[in-house]
Amino acid sequence: MKQIALPRAGWLVVSAVVVFAAPHFARGADGKIIFNRDIRPILSNNCYKCHGFDDKERKAGLRFDTEEGMRKELESGDRAIVPGKSAESSLIERIMSDDATLRMPPPGTGKVLTPPQKALLKRWIDEGAEFKQHWSFIAPTRPAAPEIGNRQSAIGNSIDRFVLARLEREGMQPSPSADKITLIRRLTLDLTGLPPTPADVDAFVADPAPAAYEKLIDRLLASPRFGEHLGRYWLDAARYGDTHGLHFDNERSLWPYREWVINAFNANKPFDQFTVEQLAGDLLPSPTLEQRIATGFNRCNVSTSEGGSIDEEVRVRYAVDRVETTSTVFLGLTLGCAVCHSHKFDPVSQEEFYGLFSFFNSVADNAMDGNALLPPPVIKLPKEEQTVQLKVIDDQLAALNQQAEAEVKKVEYVEPPVVAGKSATDPFEFVWIDDAAPSGAQLQGDSPWEFVSKPEPVFSGEKATKRTGTGTSQHYFTGANPGLKVGEGDKLFAYVYLDPVNPPKTVMLQWNDGTWEHRAFWGDDTIAFGSGDVPGHRKLGALPEAGKWVRLEVDAAHVGLPAGKVLNGWAFTQFAGTVYWDKAGIVTRTPQDNAGFESQLAWEVYDKAQAQSKVPQPVRDAIKVEADKRNDDQKKLIRNYFVERVYAKARPTFDPIHQKIDALTKQRTDIDGSIPSTMVMADMAAQRETFLLIRGAYDKKGQKVTAGVPAVLPPLPKDAPVNRLGLAKWLVDPSHPLTARVTVNRFWQQLFGRGIVKTSEDFGAQGQWPSHPELLDWLAVEFRESGWNVKHLFKLMAMSATYQQSSRMSPEMAARDPENELLARGPRFRMDAEVVRDTALAASGLLVDRIGGKSGKIYQPDGLWEAVSFVGSNSGTFKQDTGEALYRRSLYTFWKRTSPPPSLLTFDAPSRETCTVRRARTNTPLQALVLLNDKQYVEAARQLAQRMLLEGGSTPADRIAHAFRLATSRRPTSDELAILTNIYQSQLLEFQADKESATKLLSYGDSKRNESLDAPDHAAWTMVANVILNLDETVTKE
Amino acid sequence: MDPRQELGLAHTRRYFFGRTAAGLGTAALASVMNPGLGRADSVGAAGSAAIGQTGGVLAGLHHAPTAKRVIWLFMADAPSQLDLYDYKPGLKEYYDKDLPESVRSGQRITTMTSGQKRFPVAPSVFNFQQHGQHGAWISDLLPEIAKIADDITIVKSMHTEAINHDPAITFIQTGSEFPGRPSAGAWISYGIGSPNRDLPAFVVLHSRLAPGSSSQALFSRLWGSGFLPTKHAGVSMRSSGDPVLYLSNPPGVTSDRRRKMLDALGQLNQKKFEQVGDPEIVSRIAQYEMAFRMQTSVPELADISSEPKAVLDMYGPDVTQPGSFAYNCLLARRLAERGVPYTQVFLRGWDHHGGLPGNIRQLVKACDQPSAALIRDLKQRGMLDDTLVVWGGEFGRTVYSQGTLTPDNYGRDHHPRNYSMWLAGGGIKPGLVYGETDDFSYNVVKDPVHVHDLNATIMHCLGINHERLTYHLQGRDFRLTDVHGKVVRDILV
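Protein sequences, first through last, are from chains A and F.
The working numbering numbers the first residue of the first sequence as 839 and each following residue consecutively.
The working numbering numbers the first residue of the second sequence as 111 and each following residue consecutively.
Hints are computed from structural coordinates only; laboratory data are not their basis.
Beta carbons are placed, not taken as given, at the ideal position from N, Cα and C, and that holds for glycine.
Among these hints, one or two may not hold up.
[Said to hold, decoys possible] For the chain F half of the interface with chain A, some residues (derived, Cβ under 8 Å), not all of them:
| no. | residue |
| --- | --- |
| 1 | I273 |
| 2 | K341 |
| 3 | P361 |
| 4 | V363 |
| 5 | M371 |
| 6 | Q377 |
| 7 | G387 |
| 8 | P389 |
| 9 | T406 |
| 10 | S407 |
| 11 | R448 |
| 12 | L515 |
Bound-form chain A, shown alone (with noise of 0.2 Å):
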């Protein structure tokens, strides 16, 4: 260990400046320069930025973006390139010069041309200075496949012939075929994320015939485990996470969309069809509910609901990251900087950006997401049996309300006569406190309650309550039902007596409505209870006066209580002293205890004078009429309204029937609540104009732009609707030149590791150029004249022999192309993060296979969430899931985006807070960490002990070689026999010697060990397994 013996390499770092300086290994056959591939960059990279595309960065009036621009006369005179005469040309003579006055790159841009880049630039333009448009602007057509001469047996597809040509260029030979067991291996992986079982190994290795490959793809293909795995990588693209990701962080519910994507790769739906859906499925003709679904695509952007924000400027931001995400997804153009400027590198005018923008500009999403879990617009997707409880509850619900209205009608409501010298309007007094608390109310109390009756101070019937204290001292109870409602304009009382010989300093009268901040106190400001003049802290005199019963009146408004308000609370309190208390209530005009008003007029002159009421707004516009121009219409709803909901003699009849209405009503919230319901796209009825905006700033709007795609792209199509319907339709039209090139690109770097253009979010001036050109045309032209079939698309690229190669690499070849860009090996590298976590879950066993459904919280490290989250936020405290949403596929995870999972972030999973198409990878101490010490892997770990010992054999080797091949899918050598036996004697006797450590060992994590087996031995087996689980080839696809 403490010695890497690498074979002879010291040669490497001489061979390295060669690579860096050299990007491509070899010029075309012929030594030819190609434009697009040896001149575009260095001018892209050094020059455009002055000399480009944006017109406002010109210098000079040079451009060397177009053929014209750059050969014209410039305002000096000079022409900056004279084709077959570099002598003439200014460019040579100025990236020439000593003069760094004269010298471009001018020095201060920190960019300096190399000699070779130099010499390049010079030989170009003695050979022509040919120019070509930028190579991915040109749609592909489909190129003949290179003839390859005897090299038949290494080509299984034509895909292979491209390979082969250039390798023969570069004087290098493909390698052989891989082992059938490294095949099915890297297949598995690479169709579904999981690895194979020990059986498919088998059954592969003992088929012998020549379809058995061929089988093989199609089984897996054919897997449900297909989609997950696809939808996983576009989940990252599309930025899927589990909560809103800016501020609260809250969470939200788009996991029917995840679900769409599973089923849409496992239907094999044409990935046109598959576009058109996500971006536009609302403007279908009467589009399906899965289609709607599908909009959740661009619902995905993070989004915020923090106080002060303002609205435009977020509704900017969202429709920028829809623009981003669309352009980087099916482009392959990051036209981000078009936000501001026009692009430098790409020829794209931020008009051309905000055309695209005015395409996203009148979606119908608010700019606020209100931290709710579904901000609109967004869908419900029933299950059959919701749908028909529903249907049930309503029927019932139907039928209630037939009943109500029948009993409405057989009311006789005469108006009572007026009683002189009274009106049925005046306020009354409720007592809600005298020999006793109300129903349902909790008594406390620094001591219990204590009532007391005469001979000592009693206002009002037998009793009244007594306290003595010290310093602060109370009782009061909470919990009352009904409870007290509070009308406009009441006045809550109470009766106090403050014992003479004993007085107390304060005496605090507190009620609850939810809180306890409604307070009022006479005497000194001694109780510790609010501060200020606020209504949590009224100050409403002096001390009553001892002796004789006194009583306290207070304006419920005053201490935080308007009309509308209803008490559960009241709280008796004083600092020291000897204090009764007795009769206490509200002086108001609203019926209490569910009463109702005897009179209609009475009632409808309270309910005006109330500033909220509960009754429904027609009813009281139509109270506000005056009685005598009231038509028929509003005179019934009044008198009908008041005979159901307000009539004191109705309420035996109609009490009941609300109840059951109320029960029913909830039942439905509750299974309307358990509905899931997803976010989707719709746009706004009337479009909202879009301006470009100066620098990218929201309130500095330039000229009018109407929606449209860049000029360099095809036009929309000819019958295509101006909006996001049409935009879809142009993206996967056949003439254009980005979007099947850019999808088989990201799909090549799926199974290869690297695209064929390696920038694979960037196909513009500034990506890089295609390590094989011709191919990716072909892969694009056939994967769209399939019917863009996905599945047809994975199958081609696995039949290759240039995926079926081995994939070691001799040093020589290692140092040649390390990156694997000729692939004259097959692919070798870290598997990504989810599918490091799902190899562990599936070869221990623990793995639950259930696809779909909502996201679940797997183990992480207390605290994590608390440390960055908002007070409050529902996403502010992790409760970690039990039982089966521990062991599902990471794609199920619950990504909570300010906050991801750590154990998959530590392995480059994105944070999906924007669009990811190429991960990094990684090789960090961290991520030794994880798989050492992770929970989820030391559980996994034991699971997988515990399947060596139950289903493993009987003896060390083969227990330890049943664990293998569920991790690596090979049997082991007996070197690394040896080594693991080894591991496991050591480790039996420590256990053996110290079973505590072995009973905490198997004790972590959720799931149940198997307590028949020995636990010292099962301990021992644990680490063997640990180790298993962290062997490189375990986490790597080769």
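Starting from the structure of chain A, add chain F where the hints point.
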């Protein structure tokens, strides 16, 4: 960066492992966490002359650094400059008068106060006094920071773009209001790496919220690596549980047991390497060894029991409580001692929209003494000379009251147009107040310092030209300061 450099960088590890066999042996293996050792000859980063090798992509620093490391005491949620550093005695006369429209000049305000009918001026209720030889005005809320006035430069003319927390804090940390960019610490890790092979280059410390206090959210993107490889992301050191995630062995696995397990794992991986020749395997072996070393080095770092009482006293009584701001300040010094180039200590809770006087009194109790102690502690060890300390947050607060104004109570809304921070050590002039604001602390009137300028200046102190530490992606060279930022030379020694 040139795409070829990117290609080169992606593979440097492979190349320098190539050198291992050339006879460098274990020395090269040891440099796994310090890949620059093997890289200086392969990348002429942006054509600069090497001034000292780095552990990151830069072959050499762009110029001689004045700071080897940065500690940023990040005051999240935006402290009120008006109540701490930006003394405006004239405001007393303006009490409860409307902010003159000529001062506000139509400037956009958040929708939390844009509905207010009035913008009544709220003078600070706190007294200010002059401190230090240059007579810097500092609020009585900060008695300890006042005593180090001669060591710090107060910048009163900070300004930024966004008016809400999420975009503003994302902006100051990553140079963009939108998620997706690398944080400043990740850029430093990427650019110069860490001289300590047992600790990450970028460490983040979260201070516990005071009980009952509320605060804005933070986001892992604030210390994330954006599009840079994730190894450059800030590593959060935690005050409870493992100081670094997954650091501890599971129950029942001792360090000795782990060692034996790793030996077996190393042997097996070595065999695999011999068979398939993938240099990534060698790297993986080394990363497991590094992980094992971290299991010792990190707990040692977090254990403050060996600190003398005098040092602990300096940071105040909270210092013994892991997760307190005081503890984190001490930990920041311990990280600095171990060479960690970029440490951020987050203190949340400054979002005083209402009840500012009462709330800020509570918070400064936790903040003032440890902040000053860190400066004193670094100074007494001779480390302040090459450690840059930054104190401040994402924006400032308004002169007008949010909500009801009374003589002793007011709230302040977000204010991006000017706010105060301070910097110390690492090449910053000691004893300076830089920049001026108008009579209402509403606009910068002299020497504005934009957030991009601050980041450019921090990088400058580390020997990095902020325009030349770039990453090529999606067709352009990204950098922390976007296309802006100028070094504030006036505050440099």
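Against the structure, the hints:
A distance limit of 8 Å between C-beta atoms decides the matter here; for I273(F) the minimum to chain A is near 7 Å, and the interface restraint holds. A least Cβ separation of about 4 Å between K341(F) and chain A falls short of the 8 Å threshold, and the interface hint therefore holds. Annotation: interface hint on P361(F) holds; nearest CB of chain A at approximately 4 Å, less than 8 Å. Restraint check, V363(F) versus chain A: the minimum CB separation of about 6 Å is within 8 Å; hint holds.
For M371(F), the suggested interface contact is upheld, since its CB lies about 6 Å from the closest CB of chain A, less than 8 Å. For Q377(F), the interface hint holds, the least distance from its beta-carbon to any beta-carbon of chain A being 5 Å, beneath 8 Å. Look at G387(F): its Cβ gets to within about 5 Å of chain A, closer than 8 Å, so that hint holds up. A cut of 8 Å between beta carbons decides the hint on P389(F): the least distance to chain A is about 6 Å, and the hint holds.
Of the supplied interface hints, the one on T406(F) is violated, with its beta-carbon coming no nearer than about 13 Å to a beta-carbon of chain A, more than 8 Å. Contact between S407(F) and chain A, as hinted, is not supported at the beta carbon level, the nearest pair being about 11 Å apart and thus beyond 8 Å. Because the beta carbon of R448(F) sits about 16 Å from the nearest beta carbon in chain A, more than 8 Å, this interface hint is broken. With a cut of 8 Å, the hint placing L515(F) at the interface with chain A is violated, because the nearest CB-to-CB distance is about 13 Å.
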